Amino acid sequence: IEKTQAFEQGIAFILGLNPGALGLYRLSGGTLSVNPVNFSFNNGECVGYFGSSDFTQTGGSNLTNMLSLGCKLGASGTYILTGTGSLSMPLGSVLAVGLAGSGTFNQTGGISTIYQLSLGENDASFGAYSLSGNGALNASYEFIGESGGGTFSQTGGANTIQYWMVTGYNVQGTYILSGGSLSAKQEMLGYRGMANFTQYGGTNIIQSGSGNELDLAYNAGASAIYTLYGGALIVNANLYVGGSSGGPGGC
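Quick note on my numbering: the sequence shown kicks off at 411 and runs consecutively.
Think of the hints as simulated: they come from the structure by calculation, not from any bench. Do not take every clue at face value.
[What the hints assert, rightly or not] Each computed EDC-like pair below joins lysine to aspartate or glutamate, with the alpha-carbon atoms no more than 20 Å apart: (1) Lys-482 to Asp-533; (2) Lys-482 to Asp-464; (3) Lys-595 to Glu-623.
[What the hints assert, rightly or not] Derived DEER-like restraints, expressed as beta-carbon distance ranges: (4) Ser-438 to Gly-631: 42 to 52 Å; (5) Ser-498 to Ala-647: 26 to 36 Å; (6) Cys-661 to Ser-438: 26 to 36 Å; (7) Ser-563 to Leu-483: 17 to 27 Å.
Remember, predicted model here, so these are calculated numbers, not experimental data. Backbone N, C-alpha and C fix where the C-beta goes; we use that ideal spot for every residue, glycine too.
All chains should be built: construct the whole structure from the sequences, respecting the hints.
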């Protein structure tokens, strides 16, 4: 399906419904709006339900309450955002990259404004997000490696988080920063799982303010490694290694 203009609206949008199916969608203009009444992973947009699917957006607007890539075990979904495309998701929404299967989100341009980003939402899932070029990602919360595995690779663009980013929430999460900017009020590396943050370039900023902090191994049993090869790490708040402001944690 290719969409270049006009307006399309619904409560469910599914690509790659059956095993072995391949779904393709191209959005270069106009508006796609999928807004279910209740915020559920069974509604909204699914790229790769049981099959494999690709969603490419070079322009236009995608408005949705829920967006999932790789919805079921064994499924895979890829979303490419570039050019002047805009992805907008409201308060309470979730962008699940790897809901139960495998998901990939590649952003080289455009603007993505979401409430919560989850890479590897459920057990056995995996999600990867790549941010480069002049892409802008604005989120309230980000979870990299929630209950499945997750990797965020940033070579450019801006990743701006209103509240906090958690890497290695339950399992393993990886963040690789080699260009662009990352900014958050709080970064928790290794919440209950394992976190690896490797910085080759770019800027990682912990914003100033009460309660803001960078935490390595937030809880007991968690582990975190931050390796700084280049770029700038700017902590305008507290830094805790092996715990948080609430007390001791892992290692």
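Range first: 17 to 27 Å. Now tell me if the beta carbons of Ser-563 and Leu-483 are that far apart.
24 Å, holds
A range of 42 to 52 Å was offered for this pair. Does it hold for the Cβ distance of Ser-438 and Gly-631?
47 Å, holds
In this structure, is the beta-carbon distance linking Ser-498 and Ala-647 contained in 26 to 36 Å?
Distance hint for Ser-498, Ala-647 holds at roughly 30 Å.
A range of 26 to 36 Å was offered for this pair. Does it hold for the Cβ distance of Cys-661 and Ser-438?
With Cβ atoms ~49 Å apart, the hint is violated.
Can you confirm whether the C-alpha distance between Lys-482 and Asp-533 stays at or below 20 Å?
11 Å, holds
Going straight from one Cα to the other, do Lys-595 and Glu-623 come out at no more than 20 Å?
7 Å, holds
Does Asp-464 lie within 20 Å of Lys-482 when you go C-alpha to C-alpha?
Roughly 15 Å separates the two Cα atoms, so the pair holds.
Hint 6 alone, counting from the list given before, is not met by this structure.
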